[in-house]
Amino acid sequence: MSFFEVNNLNVSYGAIKAVKGISFQVNQGEIVSLIGANGAGKTTTLHTISGLLHPNEGTIQFAGKDITKSAPSQIVTNGISQVPEGRHVFSGLSVMENLQMGAFLRHDSDGLQADYEKVFSHFPVLKERKNQDAATLSGGEQQMLAMGRALMAHPKLLLLDEPSMGLAPLFIKEIFGIIQQIQSEGTTILLIEQNARKALSIADRGYVLETGKITMTGRGRDLLNDSAIKKAYLGG
Amino acid sequence: MKRNLREQFIWLLIAFGGWLIIDLLTFGGVINSFMLTIITMIEINVILAVSLNLILGISGQFSLGHAGFMAIGAYASAIITQSLPTIWGFFLSIIVGIVISSFIALIEGIPTLRLRGDYLAIATLGVSEIIRITINNLEITNGPKGIYNLPQFSNWSLVYIVACIVTLIIVNLIHSKTGRAILAVRDNEIAASAVGVNPTKYKVIAFTVGAAGASLAGSLYANYIQSVTPGDFTFMQSISVLIMVVLGGVGSITGSVLAAVVLGVVDTVLQNYGALRMVLYSLILIIFMLFRPAGFLGNWEFSVKRFFTKQKSSRENKS
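If you're matching them up, the sequences are chains A and B in order. The first sequence maps to residues 27 to 262 in our numbering. The second sequence maps to residues 148 to 466 in our numbering.
Source of the hints: derived by calculation from the structure; they are not laboratory data. In this text, all values refer to a predicted model and were calculated from it rather than measured experimentally. Treat each hint with caution, since some may be false.
To be verified - For lysine-lysine, the following DSSO-like pairs were computed, each having C-alpha atoms within a straight-line distance of at most 30 Å:
| id | chain 1 | residue 1 | chain 2 | residue 2 |
| --- | --- | --- | --- | --- |
| 1 | A | Lys182 | B | Lys324 |
| 2 | B | Lys292 | A | Lys144 |
| 3 | A | Lys91 | B | Lys348 |
Stated by the list, open to error - Covered by chain B, per the in silico footprint, the following chain A stretches (three or more residues, Cβ under 8 Å):
| id | stretch |
| --- | --- |
| 4 | 86 to 99 |
| 5 | 104 to 112 |
| 6 | 119 to 127 |
| 7 | 169 to 176 |
What the hints assert, rightly or not - Just a few of them, taken from the derived set where beta-carbon distance is under 7 Å, the chain B residues facing chain A:
| id | residue |
| --- | --- |
| 8 | Leu330 |
| 9 | Asp334 |
| 10 | Ser340 |
| 11 | Ala341 |
| 12 | Gly343 |
| 13 | Val344 |
| 14 | Thr347 |
| 15 | Val351 |
| 16 | Gly411 |
| 17 | Val413 |
Where a beta carbon is used, it is the ideal one built from N, C-alpha and C, also for glycine.
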């Protein structure tokens with residue numbers, strides 16, 4: 027069994043089926059990208075993994091445990107942490123307080139200190155702005171804060187929902203560099219992206235999601251060179 | 148996170164200073180009994196406004212049901228102190244009121260706090276009206292006639308102390324880990340869930356603590372005014388507390404205290420204008436909201452710590 031495995035997942039909003047029987051795996055230490063257009067069911071899949079939505083059918087297994095019916099807090103404690111789409115930072119709280127919220131369920135103060143240092147080494151700008159209201163950060167800095175906050179839970183599997191959304195190219199490059207750094211330190215990553223070229227170029231493996239179904243899968247590099255994908259997602 | 152002990156101490160010192168000033172002015176005859184009544188009503192309004200601000204400003208839930216919880220506290224005290232007219236009976240009645248209010252808030256909150264904005268406002272308004280109408284029709288509450296000739300156990304000094312304690316408890320709650328989770332849920336429910344905070348749980352905590360505050364204010368009110376009728380707790384009472392919170396600045400506890408004081412004074416001054424009173428009062432509110440929609444203080448808080456370290460904080464009012 028794989029490190030992380032989704033089997034025959036079905037999720038619907040009332041009568042509308044958003045995810046129709048998808049299955050995929052993530053192996054320990056990998057970056058796996060799930061790419062697809064708007065409305066393909068990417069965010070729905072991620073929210074279901076995090077326990078924010080409940081599937082009608084299918085199972086989600088993580089590190090040998092069935093987490094399909096677990097509460098969101100249990101899933102975080104188990105080691106899956108999500109960076110929600112569109113820079114969901116706590117705008118009334120300071121940068122430091124945002125990071126503290128990331129460690130909300132932790133009680134090991136020694137490990138915490140080390141993790142703060144680690145987050146600040148990935149994102150030095152957050153250290154400079156420690157006491158600033160999170161709402162006053164730029165878009166890219168907010169994305170970094172959301173990532174730093176997720177890392178404060180000390181996840182084994184990090185779920186990233188469109189980290190490039192609405193960011194300047196320079197920031198996108200920086201963020202993707204940091205994602206690779208986080209992977210190299212031993213965190214497994216499931217990346218959800220519309221920016222297919224970027225997502226596939228750093229991914230070990232990729233899945234293509236179309237209107238709720240997985241239509242293609244392969245190594246990141248192979249998908250990047252696939253003619254059908256080139257046509258549909260990479261602009262010819 | 149533990150707040151600075153020195154800071155807490157200075158707060159208590161300031162609070163004691165305020166008490167001493169009122170006490171000395173009363174002793175010296177500057178404050179007469181009419182003014183003392185107004186001061187007490189202001190103090191009760193401080194408790195109501197601060198506790199509603201915990202629900203409205205800190206946890207971001209639009210509740211219009213504060214009068215209902217106030218009614219529970221008031222009637223609990225009225226009924227118990229009638230048959231047990233001692234100061235201990237009064238304290239017991241306060242606790243009974245808080246327990247009943249918290250219980251109802253819990254039962255009400257678990258299903259309704261999943262609702263948002265206007266829907267939640269209507270649901271809380273509904274529960275508050277159910278409470279009032281139930282009181283209106285029960286034997287034990289003496290129906291629409293209400294209960295009269297209650298012993299007067301609360302006075303300005305007791306209410307002052309309770310108002311300070313309630314404010315201190317709520318401010319400390321906001322600065323605790325629980326408080327930060329409540330703020331996180333208000334700012335972004337999805338992100339809060341993503342870090343493992345259960346949104347409903349923390350909304351219910353804020354709602355229940357707020358309801359307990361309203362009940363406490365109701366108890367103090369009943370045994371100060373010495374009578375209670377269901378008519379005291381219509382939804383206009385909820386609205387008048389809401390006005391204080393909005394006027395002071397949603398999310399600013401300092402603002403709620405200030406607004407309760409300012410509105411109390413304005414209301415008293417306007418009593419000289421008879422029929423024009425409510426017109427002028429409303430006009431003042433409208434003009435104020437036009438020019439300062441964020442309330443007196445926005446979300447700014449007075450902080451002893453900042454006052455002493457003279458540090459500029461990012462939380463300071465941006466406007």
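Going down the list of hints, with the structure as the test:
1. Of the supplied pair hints, the one linking Lys182 of chain A and Lys324 of chain B holds, its CA atoms being roughly 25 Å apart against a limit of 30 Å.
2. Taking the CA atoms of Lys292 of chain B and Lys144 of chain A, the gap is near 67 Å; set against the 30 Å cutoff, the hint is violated.
3. Restraint check for Lys91 of chain A and Lys348 of chain B: the C-alpha separation of about 26 Å stays at or below 30 Å, so the hint holds.
4. With 3 residues having a beta carbon nearer than 8 Å to a beta carbon of chain B, the stretch 86 to 99 of chain A meets the requirement of three or more and the stated coverage holds.
5. Check result for the stretch 104 to 112 of chain A against chain B: holds, 4 residues qualifying (beta carbon to beta carbon below 8 Å, three or more required).
6. Restraint check on the stretch 119 to 127 of chain A versus chain B: 5 residues with Cβ-Cβ distances below 8 Å, three needed, restraint holds.
7. Given a C-beta distance limit of less than 8 Å, the hint that chain B covers the stretch 169 to 176 of chain A holds, as 3 residues qualify and 3 suffice.
8. Among the interface hints, the one on Leu330 of chain B holds; its C-beta lies about 5 Å from the nearest C-beta in chain A, closer than the 7 Å criterion.
9. Checking Asp334 of chain B against chain A: minimum C-beta separation of about 4 Å stays under 7 Å; hint holds.
10. Given hint, Ser340 of chain B at the interface with chain A, holds; its Cβ is 5 Å from that chain's nearest Cβ, closer than 7 Å.
11. Interface restraint check: Ala341 of chain B against chain A, minimum CB-CB distance 4 Å, threshold 7 Å, status holds.
12. Against a cut-off of 7 Å between C-beta atoms, the interface hint on Gly343 of chain B holds, since the closest Cβ of chain A lies about 4 Å away.
13. Against a cut-off of 7 Å between C-beta atoms, the interface hint on Val344 of chain B holds, since the closest Cβ of chain A lies about 6 Å away.
14. Here the hint on Thr347 of chain B is broken, as its CB sits about 11 Å from the closest CB of chain A, past 7 Å.
15. Among the interface hints, the one on Val351 of chain B is violated; its C-beta lies about 15 Å from the nearest C-beta in chain A, farther than the 7 Å criterion.
16. Interface restraint check: Gly411 of chain B against chain A, minimum CB-CB distance 29 Å, threshold 7 Å, status violated.
17. Proximity of Val413 of chain B to chain A is violated relative to the hint, the smallest CB-CB distance being about 30 Å (cut-off 7 Å).
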